[in-house]
Amino acid sequence: MSVAYTPVGWNANKIFYDVALGLAVAAYLWIFMAVAEGMAPGARFDDATIEMRAYGSCAFLMLSAILCIGPLARLDTRFLPVLYNRRHFGVMTCFVAIMHARHVIAWYFAFSPVDPYVALLSSNTSFARLAGFPFELLGVAALLVLTLLAATSHDFWLNFLTPPRWKALHMSIYAAYACVVAHVSLGALLTPQWQAMHVVMPACALTVVALHLAAAARQARLDRTATMANEAVGWIDVGEASGIADGRAIIVPLSDAESVAIFRNGDALGAIANACRHQNGPLGEGRIIDGCVTCPWHGFQYRLEDGCAPPPYTEKLATYNLRSANGWIQLDPRPNPPGTRVEPLHAPARP
Amino acid sequence: MSRSDFFVGYLPASRALRRTAVIGALTLCGAFAALAIALGRTPADIGPSDYGDDIAATGVFVAQPYPLLVTPPDAAHPRGRTLLLGGEGKRGAQDFGRDLEGRVARLAGILVRRGEIEMALVSAADQLQRVDTPTSGVQTTSLGRWRITGEICDGKCVAGGMRPGAGLAHKACANLCTSGGLPPVLVTARPIEGRNYLLLAARDGGAAPDAVADLTAIPVTLEGEVMRLGDMLILRADWATARKF
Amino acid sequence: MAAIIVTACEVWLAIGLTVGLWFILAGIERIDPAARGAYAFRPLLLPGLALLWPFVVWRWRQLARSSGGRC
Chain A
1 MSVAYTPVGW NANKIFYDVA LGLAVAAYLW IFMAVAEGMA PGARFDDATI EMRAYGSCAF
61 LMLSAILCIG PLARLDTRFL PVLYNRRHFG VMTCFVAIMH ARHVIAWYFA FSPVDPYVAL
121 LSSNTSFARL AGFPFELLGV AALLVLTLLA ATSHDFWLNF LTPPRWKALH MSIYAAYACV
181 VAHVSLGALL TPQWQAMHVV MPACALTVVA LHLAAAARQA RLDRTATMAN EAVGWIDVGE
241 ASGIADGRAI IVPLSDAESV AIFRNGDALG AIANACRHQN GPLGEGRIID GCVTCPWHGF
301 QYRLEDGCAP PPYTEKLATY NLRSANGWIQ LDPRPNPPGT RVEPLHAPAR P
Chain B
352 MSRSDFFVGY LPASRALRRT AVIGALTLCG AFAALAIALG RTPADIGPSD YGDDIAATGV
412 FVAQPYPLLV TPPDAAHPRG RTLLLGGEGK RGAQDFGRDL EGRVARLAGI LVRRGEIEMA
472 LVSAADQLQR VDTPTSGVQT TSLGRWRITG EICDGKCVAG GMRPGAGLAH KACANLCTSG
532 GLPPVLVTAR PIEGRNYLLL AARDGGAAPD AVADLTAIPV TLEGEVMRLG DMLILRADWA
592 TARKF
Chain C
597 MAAIIVTACE VWLAIGLTVG LWFILAGIER IDPAARGAYA FRPLLLPGLA LLWPFVVWRW
657 RQLARSSGGR C
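Protein chains in written order, with the working numbering: chain A, 1 to 351; chain B, 352 to 596; chain C, 597 to 667.
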């Protein structure tokens, strides 16, 4: 990126996304508290306990939903708009989780001569047991990760950390989710009264796992087709030129988890690296808009002929050479240095 | 090419996409609302509790294992009423009544009560004052050795200081309370001599050891000598033989 | 032990905030051209800078040495 940073790059779609999400969260919290406060006197918890349960369960549901977005978008492109503003979903989840933690600290660990944070770390040390394990600490670990991810969600961090490090850091969301599942299992679930949570928590966790398995299975199918290409040496046959629709691409997986997107823009074909420089989004699933390859995740754009983002942006992708042989397109799997201009291959859409 | 079926965040969404987005947003709100209705119902059978009534009582002050006040027998309490005493927040009442052991004191505090578990809260010295009434003290009688199963809670929260004030989610809080001097109690699985809880003590009759922290909030079986003081039962437990489930 | 951990966290964050403030006031423009003239977003970085300050210091030095090699 080289355009000056702003706190949030607002647009109408992001505003709609945030308002919808905010309404869902507000509705959840309000209804939860109204229902819990309406329980019979003998079954009514403290306001503080009700609030910590409301915020805690809300954060769990939000985190589960966030983790479903990625695989859903892999399985069905109609979910891509949900992925677009996922970082706001994550930051909002972090705030809800912080509210949960604040209520816990201000209730269970307050009113004591001991510092609340010291009390949090020291008042339960039954580490050797499952029932009675200091599950709060698992929540602390998860909250630390959520905070770190929310704190590094601005695009500045992507450039500062470098995209591979940023991606690796943000993959720790899975560790956080595992901690949250353990936190809920060893805390709320062992409190026998909360029957609905006994259904909702496993259902959410299983959905997250199942969607990831389904997305991985789809990717494995794609990769199997890649092995043929991997074994090839030199130019690779990638199909007939007419097989690529205008404005669209085919993705050719290579070895080393690299893949190439071969786009058609009118009569011209060009090949660029498939991974977007922003967040490794699958460019080959994008479109050509205003003459530029456009990432389906966040709309980052690149020129097909040289892999460069249009000015003032400065991202550069590797380009690849194409040639035509008897109506077939062939790809040279050796990448050109990022930003290298390659003359487009002229191949009419319909021969 | 048509952009209508391809979403780019910073470009205006197509009419079809806007419609889908509104349906998606309503679905999300509906799902969250339904989940809130399901999860907000926490039908805990914790029983009603009272917090905040004033209590005034006169009785004999007992410092060990924890501060207690034993009132003389009356119609409602034929053996006398034994009140647990607690302090402000997660502190015991040990700061008060240092010179009152075995003497008559007048209490003016705040009552916390759930069922038969009662605690009087004292937050200032003038709430527990010596009365110059002669007394022959109070009798502690042994009911022999018992093996009792239940859950160890802190006497303040389980009396209604917090709701629920028991259970695993409350373990750390219970430990913080007991380490602050509040009395640990064993809420029994079945009534013992007509009582549903016992005050816990060390084997020698002093305050329960720090090891109680590892045993709170889970089902445990404790063995030891059960003592009766007024209408309260006190378990002088053999802490080394405590069994966790 | 718990008190030591809490104090260590406080010290970590205090150093982190100092480093973070220094970075957003004095360092960021030299290592990221997109930050030049952009001020409103900088406070948003503080929590991350405070949490990751050892890495920030290392990366800051690394980028400052090779300044000009980035886009």
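These are computed hints drawn from the structure, not numbers from a lab. Note that the Cβ used here is the ideal one computed from N, Cα and C, for glycine as well. Treat the hints with caution; some may be incorrect.
[Claimed, not checked] Listed next, with one range per pair, are the computed distances between beta-carbon atoms: (1) ARG546/B / ALA131/A: 56 to 62 Å; (2) VAL3/A / ALA367/B: 27 to 33 Å; (3) GLY239/A / ALA385/B: 24 to 30 Å; (4) ASP76/A / GLY398/B: 48 to 54 Å; (5) GLU606/C / ASP396/B: 26 to 32 Å; (6) ASP405/B / ALA131/A: 36 to 42 Å; (7) VAL3/A / PRO639/C: 15 to 21 Å; (8) GLY495/B / PRO192/A: 51 to 57 Å; (9) ALA427/B / ALA131/A: 53 to 59 Å; (10) ALA562/B / ALA214/A: 21 to 27 Å; (11) ASP76/A / ALA562/B: 25 to 31 Å; (12) LEU23/A / ALA622/C: 40 to 46 Å; (13) PHE127/A / ASP396/B: 27 to 33 Å.
These are the hints, each one checked on the structure:
Between ARG546/B and ALA131/A the CB atoms are about 26 Å apart, so this pair departs from the stated range of 56 to 62 Å. VAL3/A and ALA367/B have their C-beta atoms about 30 Å apart, which keeps the hinted 27 to 33 Å range intact. A hinted range of 24 to 30 Å for the beta carbons of GLY239/A and ALA385/B is inconsistent with their spacing of about 47 Å. Distance hint for ASP76/A and GLY398/B: a CB-CB separation of about 50 Å, consistent with the stated range 48 to 54 Å.
With their beta carbons about 42 Å apart, GLU606/C and ASP396/B fall outside the hinted range of 26 to 32 Å. Taken as a hint, the range 36 to 42 Å holds for the pair ASP405/B and ALA131/A, whose Cβ atoms sit roughly 39 Å apart. In this structure, VAL3/A and PRO639/C meet the distance hint of 15 to 21 Å, their C-beta atoms being roughly 20 Å apart. A C-beta distance of roughly 33 Å is found between GLY495/B and PRO192/A, which places it outside the suggested range of 51 to 57 Å.
Our hint of 53 to 59 Å for ALA427/B and ALA131/A is violated, since their Cβ atoms are close to 39 Å apart. For ALA562/B and ALA214/A, the hinted distance range of 21 to 27 Å is not satisfied, since their beta carbons lie about 49 Å from each other. A hinted range of 25 to 31 Å for the beta carbons of ASP76/A and ALA562/B is inconsistent with their spacing of about 56 Å. Under the hint 40 to 46 Å, the C-beta atoms of LEU23/A and ALA622/C, about 41 Å apart, fit the expected range.
Between PHE127/A and ASP396/B the beta carbons are some 30 Å apart, a value that agrees with the proposed interval 27 to 33 Å.
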